[in-house]
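*Asks:* Residue numbers (my numbering), protein chains in the order written: chain A, 1 to 476; chain B, 1 to 476.
Hints are computed from structural coordinates only; laboratory data are not their basis. Among the hints, erroneous ones may be present.
Copies of the same chain look alike in the list, so a pair counts if it fits in one copy or across any two.
As the list claims (entries may be wrong) - BS3-like mimics (lysine-lysine), calculated; alpha carbons at most 25 Å apart, straight line:
#, residue 1, residue 2
1, 20, 122
2, 314, 122
3, 47, 427
4, 325, 180
5, 90, 111
6, 170, 157
7, 122, 427
8, 180, 169
9, 314, 157
Spelled out from the first residue to the last, the chains are:
There are 2 protein chains.
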Amino acid sequence: MSFFSKRLASTFTMKSVPTKARHNIPLPSSSFPSGFLLGGIHAGVKKKAGVPDLAVILSTSEQPTTAAACFTRNAFKAAPVLVSDEILTKNGGYARAVVVNSGCANAVTGKQGIDDAWAMVKATDSLLSPSASSSKFEHETLVMSTGVIGQNLPISKILAGIESQSPSKKETCVLGSDFKAWELAAQAFMTTDTFPKLRSRVFSIGGVEYRMAGMDKGAGMIHPNMGPASTSFSSGPKQLHATLLGCIMTDAAVSPRSLQSALTYAVDRSFNSISVDGDMSTNDSIYVLANGAASNGRVIDEETDKEGYEIFKKELTDFAADLAKLVVRDGEGATKFVTVTVKGAPSYRDAHNIASRISTSALVKTALYGEDANWGRILAATGSVPLQPTSANTPPPTIDPTKVSVTFLPSDGTSALPVLVNGEPEKVDEVRAKEILTLEDFEIVVDLGMGMDGEAKYWTCDFSYEYVRINGDYRS
Amino acid sequence: MSFFSKRLASTFTMKSVPTKARHNIPLPSSSFPSGFLLGGIHAGVKKKAGVPDLAVILSTSEQPTTAAACFTRNAFKAAPVLVSDEILTKNGGYARAVVVNSGCANAVTGKQGIDDAWAMVKATDSLLSPSASSSKFEHETLVMSTGVIGQNLPISKILAGIESQSPSKKETCVLGSDFKAWELAAQAFMTTDTFPKLRSRVFSIGGVEYRMAGMDKGAGMIHPNMGPASTSFSSGPKQLHATLLGCIMTDAAVSPRSLQSALTYAVDRSFNSISVDGDMSTNDSIYVLANGAASNGRVIDEETDKEGYEIFKKELTDFAADLAKLVVRDGEGATKFVTVTVKGAPSYRDAHNIASRISTSALVKTALYGEDANWGRILAATGSVPLQPTSANTPPPTIDPTKVSVTFLPSDGTSALPVLVNGEPEKVDEVRAKEILTLEDFEIVVDLGMGMDGEAKYWTCDFSYEYVRINGDYRS
Numbered sequence: 001m002s003f004f005s006k007r008l009a010s011t012f013t014m015k016s017v018p019t020k021a022r023h024n025i026p027l028p029s030s031s032f033p034s035g036f037l038l039g040g041i042h043a044g045v046k047k048k049a050g051v052p053d054l055a056v057i058l059s060t061s062e063q064p065t066t067a068a069a070c071f072t073r074n075a076f077k078a079a080p081v082l083v084s085d086e087i088l089t090k091n092g093g094y095a096r097a098v099v100v101n102s103g104c105a106n107a108v109t110g111k112q113g114i115d116d117a118w119a120m121v122k123a124t125d126s127l128l129s130p131s132a133s134s135s136k137f138e139h140e141t142l143v144m145s146t147g148v149i150g151q152n153l154p155i156s157k158i159l160a161g162i163e164s165q166s167p168s169k170k171e172t173c174v175l176g177s178d179f180k181a182w183e184l185a186a187q188a189f190m191t192t193d194t195f196p197k198l199r200s201r202v203f204s205i206g207g208v209e210y211r212m213a214g215m216d217k218g219a220g221m222i223h224p225n226m227g228p229a230s231t232s233f234s235s236g237p238k239q240l241h242a243t244l245l246g247c248i249m250t251d252a253a254v255s256p257r258s259l260q261s262a263l264t265y266a267v268d269r270s271f272n273s274i275s276v277d278g279d280m281s282t283n284d285s286i287y288v289l290a291n292g293a294a295s296n297g298r299v300i301d302e303e304t305d306k307e308g309y310e311i312f313k314k315e316l317t318d319f320a321a322d323l324a325k326l327v328v329r330d331g332e333g334a335t336k337f338v339t340v341t342v343k344g345a346p347s348y349r350d351a352h353n354i355a356s357r358i359s360t361s362a363l364v365k366t367a368l369y370g371e372d373a374n375w376g377r378i379l380a381a382t383g384s385v386p387l388q389p390t391s392a393n394t395p396p397p398t399i400d401p402t403k404v405s406v407t408f409l410p411s412d413g414t415s416a417l418p419v420l421v422n423g424e425p426e427k428v429d430e431v432r433a434k435e436i437l438t439l440e441d442f443e444i445v446v447d448l449g450m451g452m453d454g455e456a457k458y459w460t461c462d463f464s465y466e467y468v469r470i471n472g473d474y475r476s
Numbered sequence: 001m002s003f004f005s006k007r008l009a010s011t012f013t014m015k016s017v018p019t020k021a022r023h024n025i026p027l028p029s030s031s032f033p034s035g036f037l038l039g040g041i042h043a044g045v046k047k048k049a050g051v052p053d054l055a056v057i058l059s060t061s062e063q064p065t066t067a068a069a070c071f072t073r074n075a076f077k078a079a080p081v082l083v084s085d086e087i088l089t090k091n092g093g094y095a096r097a098v099v100v101n102s103g104c105a106n107a108v109t110g111k112q113g114i115d116d117a118w119a120m121v122k123a124t125d126s127l128l129s130p131s132a133s134s135s136k137f138e139h140e141t142l143v144m145s146t147g148v149i150g151q152n153l154p155i156s157k158i159l160a161g162i163e164s165q166s167p168s169k170k171e172t173c174v175l176g177s178d179f180k181a182w183e184l185a186a187q188a189f190m191t192t193d194t195f196p197k198l199r200s201r202v203f204s205i206g207g208v209e210y211r212m213a214g215m216d217k218g219a220g221m222i223h224p225n226m227g228p229a230s231t232s233f234s235s236g237p238k239q240l241h242a243t244l245l246g247c248i249m250t251d252a253a254v255s256p257r258s259l260q261s262a263l264t265y266a267v268d269r270s271f272n273s274i275s276v277d278g279d280m281s282t283n284d285s286i287y288v289l290a291n292g293a294a295s296n297g298r299v300i301d302e303e304t305d306k307e308g309y310e311i312f313k314k315e316l317t318d319f320a321a322d323l324a325k326l327v328v329r330d331g332e333g334a335t336k337f338v339t340v341t342v343k344g345a346p347s348y349r350d351a352h353n354i355a356s357r358i359s360t361s362a363l364v365k366t367a368l369y370g371e372d373a374n375w376g377r378i379l380a381a382t383g384s385v386p387l388q389p390t391s392a393n394t395p396p397p398t399i400d401p402t403k404v405s406v407t408f409l410p411s412d413g414t415s416a417l418p419v420l421v422n423g424e425p426e427k428v429d430e431v432r433a434k435e436i437l438t439l440e441d442f443e444i445v446v447d448l449g450m451g452m453d454g455e456a457k458y459w460t461c462d463f464s465y466e467y468v469r470i471n472g473d474y475r476s
């Protein structure tokens, strides 16, 4: 026991969790989309005074604001998920506001929870200025909550907080549109996150310049599997399932159908491709609002404006991936940021399933923490995933172990290190392996060599003592 | 940093990994099946002198010895898995010997690995006394290996070790049939195990007394998913997949077909229902040998002796569960032994999938380590599992959150603690919750309340600092 304490202490001293503060970067106000007013305040959900726990985001555009969402596929969807899905479906993809609280997830809270979520929606609705849409929609706000499961919201504090943000209440309203306003909103999303996750970008379609900005939060219970909202134009099964929260705003104009299809595509290749601990939350939600404030009359739509749509979809996917990667970077106890690429698979789905399994393996993740090039564990994880049958009447394809290669790719531009080539272990230069594995960022490439082009990426972190500490006494 | 070191140290000091030595119990020699000669020696695979790393098990019965196996479903099956499956299939379910080494898994070792596994088989074959089966089968030995992946066996040391165990070599042969011999064999299975896992039992069918004894090993990379050997009478898809090793010997006589079907049933409800870390190995293998030494002419068979078969199947299942639980008990860094029961599900398969997910969740397992009754994490894990469609053309059933209940059951016979009843959180008495969660053994019961009788059990352990330490520097 005293021996072990000593060993543990010495191992730990060698390996602390790096500070993530450098990822909290200032952004030029000119990179934020126009026509949004937002901010974050301390409403009192969190105990510590002054810490933002309530964000309000309002579209002030005179153009219609479209909205789309992807929600957790968990069977125990939290009240804000159920309520937001209902509103978005009823409105056919229109919404002008988002309200978010951290500190309490409003999940498994029964009828009271549903009532509370509706109360947040109604209070935020009344902050919106009247517009052409006001008469068409009963509600125009989407809601999100994150924090502990199974506790009711301190709803009167939250409602008072929302009401204080009426733009007419000059003395209490903090809403704005500059960097500080965006950052306050991003701070209000945080739970065990160590920095606010806010990014922005400028892009152009057909010579018109648009902006996109957004924030997300994560830290633990991060292995999202989100599907589209129940709106009638959603493709795929109605399986709402995601506590990753994210909200993306743009001043482009996008049709409701195309905004949802672009988001569904983007989420699969970003938020649904990250893992901190393999646990799917009851609250995971990603919203996107497109307010058309910079649209100049062009409405992006996959049928009537294919070219514009493809550009927008790519921008949204890349932006969503940027936000998703910040969540991995700030994963609870994470000391590594590892990209897992699986290629040469029969399909994207197979590659994605295998990359997910590798990214979730406790043995792979503790080896990453230990900076150990233990490719045997990577291979065992790879081989544990059954491939999908390509048709109903044929057996699924099988991996040929003699075709599989595994390579470690450093992030510093130096040469790659193959550790397994066509099923044969390489003589690994352990010094070189250590050089790569002591980097904070690197990539693991698994090539199944099946002569097919199924390829997927996943982003994951390591499993550290700190993860166990955080989650061993989260409630206490 | 210094703050964190201090916190970590204090948290750890509160919670050490309990010693498992009390599970290493002496067994009466009269409880071991007759007609087996076995033992374990140090052949030199492991560095440390004197530590057993090679076990040899021989049947000396004059009756035919039948054999069955379940192997890992991993795509990267180790050489001993491939070779043993080939022999068992060719022989139609007969084998008279097992040879096992620890310290090196002989996995991902290419052609050399296959040659080495065959060499172990042949060397062990030549320890067997001639019998009626000798002329019928080219090989009569099954082989197993466990340890590091991707390294070749020190095959000459192993072969010398096997040859030294020829019963004719009185000066070097340690094989015997008393407790000491069985214990030495069990010790030779061990890798990071902290105690040898050996159990025995006596049972009777139709007034005849039989014995069953066996050993297994586990510790890490434990989340088996094993299917039957490729023998022509295997039902189900040919998907060989299972570093859990286990070997069970009985002096009953069982037909090859029925031995395999009883083992497949037993493994699904024992070894395939445990998790230490959610990682499936390339080597997982369970063998059973039935040598008929106590048979008195009765051959147990599911068609010709249904009654005997059902008793045998139940004994084998209970015995396999006993061995499987020892693996969880001795899981790397484990301080808890937790039974997860899921009931009220549409099917056994759904209940099993959900119990598996709860048992694998990093958040649930760190909460168990922290002795925190965090049922929200249990629920999130439950809800993340998609249920199976009941037919090809109907959508899968869905969980109704308002019907779900979660209860903590202490192992000391005191009263149960409901934490969620029909979807509503109970006011939990935290003092009582702590009383239960500080026990080493307890049970979590999740009742889906779907009015169906799908029920399954899983056995799991917690996730501790010690797990991270062991696996962060396994190779160094």
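*Asks:* Next step is simple, just say for each hint if it's right about the structure.
*Replies:* Results for each hint:
no., hint, result
1, 20 <-> 122, "neither (37 Å within a copy, 58 Å between copies)"
2, 314 <-> 122, "neither (34 Å within a copy, 60 Å between copies)"
3, 47 <-> 427, "between (55 Å within a copy, 21 Å between copies)"
4, 325 <-> 180, "within (23 Å within a copy, 56 Å between copies)"
5, 90 <-> 111, "within (20 Å within a copy, 63 Å between copies)"
6, 170 <-> 157, "within (19 Å within a copy, 84 Å between copies)"
7, 122 <-> 427, "neither (65 Å within a copy, 30 Å between copies)"
8, 180 <-> 169, "within (19 Å within a copy, 84 Å between copies)"
9, 314 <-> 157, "neither (40 Å within a copy, 59 Å between copies)"
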